[in-house]
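Take these sequences, add in the hints, and give me the full structure.
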Amino acid sequence: MSSYIAGMCTVASAGGTTRRVSVELVNRVGLVLKLTSLSLFKYYTFWVIILPIVDSDHFVHRYFLPQEYAILIHAYVVVAVIYFLCICIAYVMLESKKKNHYREKGQKYPSTLVYCSILPSPLK
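Take any residue in the sequence shown, count from 1 to its spot, add 45: that is its number in our numbering.
Derived by calculation from the structure, the hints in this document are not laboratory data. Careful: at least some of the hints might be erroneous.
[Said to hold, decoys possible] No more than 20 Å apart at the CA atoms, straight line, and that leaves these computed lysine to aspartate or glutamate pairs for EDC-like:
1) Lys79 / Glu69
2) Lys87 / Glu113
3) Lys150 / Glu140
Set out below in structure tokens:
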């Protein structure tokens with residue numbers, strides 16, 4: 046059972062420009078992301094949990110990297126996530142500093158809000 050929403054998604058950016066994106070497109074992109082992540086999860090699970098049980102001369106070992114990479118990939122992903130979080134925290138801190146600067150001068154801070162609203166499809 047899938048949840049399908051008909052209509053258009055309106056996306057507005059800080060520059061005042063808006064554009065409409067089909068919700069069907071958003072649903073398809075979500076499906077591709079789900080299938081990709083599920084495939085990677087199955088591949089990794091088979092590689093780390095099932096493959097050590099299989100004999101080392103079995104043909105299936107040709108399709109997988111050596112076991113050492115299982116640890117290295119996770120280490121690189123953890124470092125990348127920590128780096129990304131630090132960048133996000135730094136961005137939020139800088140934006141907060143900008144807001145306080147505008148507030149002290151009594152000026153209005155330009156909004157950088159991006160929102161998405163689901164509009165119903167027109168009745169025919």
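*Which of the numbered hints are not met once you compare them with the structure shown?*
none
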